[in-house]
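Residue numbers (numbering that gives the first Met the number 0), protein chains in the order written: chain S, 0 to 112; chain Z, 0 to 493.
Some hints could be false.
[Claimed, not checked] Heads up, incomplete: computed chain Z residues facing chain S, CB under 10 Å, no partners named:
1) F133
2) E137
3) L140
4) I141
5) H161
6) L174
7) L175
8) L180
9) S182
10) L187
11) Q371
12) L374
13) G376
14) L378
15) Q485
Please keep in mind that the hints were generated in silico from the structure rather than gathered at the bench. Idealized CB from N, CA, C, for every residue including glycine.
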Amino acid sequence: MELFVAIAIGALTGCGCFLLLRGRTFAVMLGLTMLSYAVNLFIFVSGGLTTGAGAVLGASEVYADPLPQALVLTAIVIGFAMTAFLVVLAIRARAELGNDLVDGQGLAGKERK
Amino acid sequence: MTEHLVVLPIVLPALFAAILLLPMGGIRVSRRRWYSLALMTLSLLVASWLLWQHTNTPAKNYLLGNWPEPFGILLVADQLSVLMVWLTTVLAWCVCLHSTAGDDVKGAYFHPLLHFLLMGLNGAFLTGDLFNLFVFFEVLLISSYGLLIHGGGKKRVQSALHYVLLNLVGSALFLLALALLYSLLGTLHLAEMAARVRLLDPQQQWLLQSAAALLLLVFGLKAALLPLHFWLPAAYSQASASVAAMFAVMTKVGVYSLIRVFGALFAADAGALAGYGQTLLLWGGGLTMVLATVLLVAAADLKKLSAAMVLLSAGILLSAVGFGDSALTAAALLYLVHSSWIGAVWFMLAERIGQQRGTVGDRLVPGAALKQALLLGWLFALSALVVIGMPPFSGFVSKIWLLQASLPRSDAGWYVLLLLLSSLLALVALSRAGSTIFWRSRGKPIDAVQSGKTADAAIMLLLVMGFLLVVAGQWWMQYCIDAVAQLTVGGRGR
Numbered sequence: 000m001e002l003f004v005a006i007a008i009g010a011l012t013g014c015g016c017f018l019l020l021r022g023r024t025f026a027v028m029l030g031l032t033m034l035s036y037a038v039n040l041f042i043f044v045s046g047g048l049t050t051g052a053g054a055v056l057g058a059s060e061v062y063a064d065p066l067p068q069a070l071v072l073t074a075i076v077i078g079f080a081m082t083a084f085l086v087v088l089a090i091r092a093r094a095e096l097g098n099d100l101v102d103g104q105g106l107a108g109k110e111r112k
Numbered sequence: 000m001t002e003h004l005v006v007l008p009i010v011l012p013a014l015f016a017a018i019l020l021l022p023m024g025g026i027r028v029s030r031r032r033w034y035s036l037a038l039m040t041l042s043l044l045v046a047s048w049l050l051w052q053h054t055n056t057p058a059k060n061y062l063l064g065n066w067p068e069p070f071g072i073l074l075v076a077d078q079l080s081v082l083m084v085w086l087t088t089v090l091a092w093c094v095c096l097h098s099t100a101g102d103d104v105k106g107a108y109f110h111p112l113l114h115f116l117l118m119g120l121n122g123a124f125l126t127g128d129l130f131n132l133f134v135f136f137e138v139l140l141i142s143s144y145g146l147l148i149h150g151g152g153k154k155r156v157q158s159a160l161h162y163v164l165l166n167l168v169g170s171a172l173f174l175l176a177l178a179l180l181y182s183l184l185g186t187l188h189l190a191e192m193a194a195r196v197r198l199l200d201p202q203q204q205w206l207l208q209s210a211a212a213l214l215l216l217v218f219g220l221k222a223a224l225l226p227l228h229f230w231l232p233a234a235y236s237q238a239s240a241s242v243a244a245m246f247a248v249m250t251k252v253g254v255y256s257l258i259r260v261f262g263a264l265f266a267a268d269a270g271a272l273a274g275y276g277q278t279l280l281l282w283g284g285g286l287t288m289v290l291a292t293v294l295l296v297a298a299a300d301l302k303k304l305s306a307a308m309v310l311l312s313a314g315i316l317l318s319a320v321g322f323g324d325s326a327l328t329a330a331a332l333l334y335l336v337h338s339s340w341i342g343a344v345w346f347m348l349a350e351r352i353g354q355q356r357g358t359v360g361d362r363l364v365p366g367a368a369l370k371q372a373l374l375l376g377w378l379f380a381l382s383a384l385v386v387i388g389m390p391p392f393s394g395f396v397s398k399i400w401l402l403q404a405s406l407p408r409s410d411a412g413w414y415v416l417l418l419l420l421s422s423l424l425a426l427v428a429l430s431r432a433g434s435t436i437f438w439r440s441r442g443k444p445i446d447a448v449q450s451g452k453t454a455d456a457a458i459m460l461l462l463v464m465g466f467l468l469v470v471a472g473q474w475w476m477q478y479c480i481d482a483v484a485q486l487t488v489g490g491r492g493r
């Protein structure tokens, strides 16, 4: 279980980092989204992995650490808002700069019309 | 009432921003901006009251909703956080005044965003909990994204895109560090964490170390530490003047977080990891100073020059904090207040000068004579004297204190040298800029210039506030020394 979760987080982070280093804002945005998924998973398991444990006190014998669940909810909401802002900004940048490259320069002039 | 005072610098700006967002049934912007200024005055009064209340008093914890201590959301008002809140609110008030000269109508929602930014900044200063530090960072960041593209334009959008992307990656790393710290220490309550670091199993030290490295990366990005500074010159010089002036305090948030979090977690008695990151800050800060000085001398326009000065002040602060010496940290606090205000003055001044030179703008080439040459010339000369550190201005007092505190240390020789050298080169760069703009002008002044009485007033007000740091010098120095003393006492657990 731990190994599975660790591999999943690692794979997401790796893909996220790879996409972050791409030149186009769309790929970078996908990379950021993947990175934030990995981070959210990481926060979620930071309280330890338990199976069959309730989130509410008194509802079951064993219970999971509730704080990481609260933290991850906050992180998801914030990440969602930030991604939405970034999408709008990227569209605006596409309109202003005439291409969707992060540095706005065009690939050595080839992309310019 | 007074015990709830601590939460007001966060609640009030949020409320004010919401009020300013309401549709106001046809009231014109020229009227609404004064409402914003009036509300900002209320924030300033509250911040001043808070400063007054907390001078010479022990740190006070405020529990939101009265939940018991390690579980509820905690705000801590000690001398350091209250000082930061006050200095930021003073700056925000002056920026609000400055924006009424016309910056606020270049795009939508300037005033609500400014109030939200103030809320995020105040929250980041007052929180006693690492996760809430993250939340308030995000509040201040999303307002700053909105403010940065305020007014629009090609270059502005491009620099904003870089700023937003970098900060989003920074936020992801911050969350990673938080999750790692939580799984190691079982809490994100700062004072509680500081106590548990000392009890940590030595075999898990490397995990703590990697979390600390991630935090250092995040705060270094905010504070523009050398390899992480690339966003600063572009973002600051492209932003509109009011926004850039407000951003003068943003790098200081990174420095503050470093003092607060690293000072608490890795205090001198924290065991194996005591003083973690200090060497890196020391050398990173020193190199930032060198680079900023080069940028200062090489700047082609006044805005780039101002951005280089912000970078220079960040370098000076980071190095001073890196020594981990309480006398130097106290001196750095005074320098922090001084440099935030004077940094803002330079962005405002650059815009005023650029407006009166037609197409030449604020580039450092000979252009038309200025319409208000006398007023702006005096303001330029005064601000230059303040930022270089000539007596009797705040730059002199804070720099001489930094020198005085670093001279007894045998390992601080290079710091003294860099501080003096960067001041000398700032003198050269500013004299060159001033003589080009004011003395080598040709042609008649351009008549149709935007009047900016409130902008000039904001510049003068910030200069006067800076001068008050000198007039009440004894009081301020004592305040900074007390603030640092309180920090080291607070770091030893509750």
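Practice task
Go through the numbered hints given earlier and state which of them the structure violates, listing their numbers in rising order.
Solution key: Those not satisfied are hints 11, 12, 13, 14, 15.
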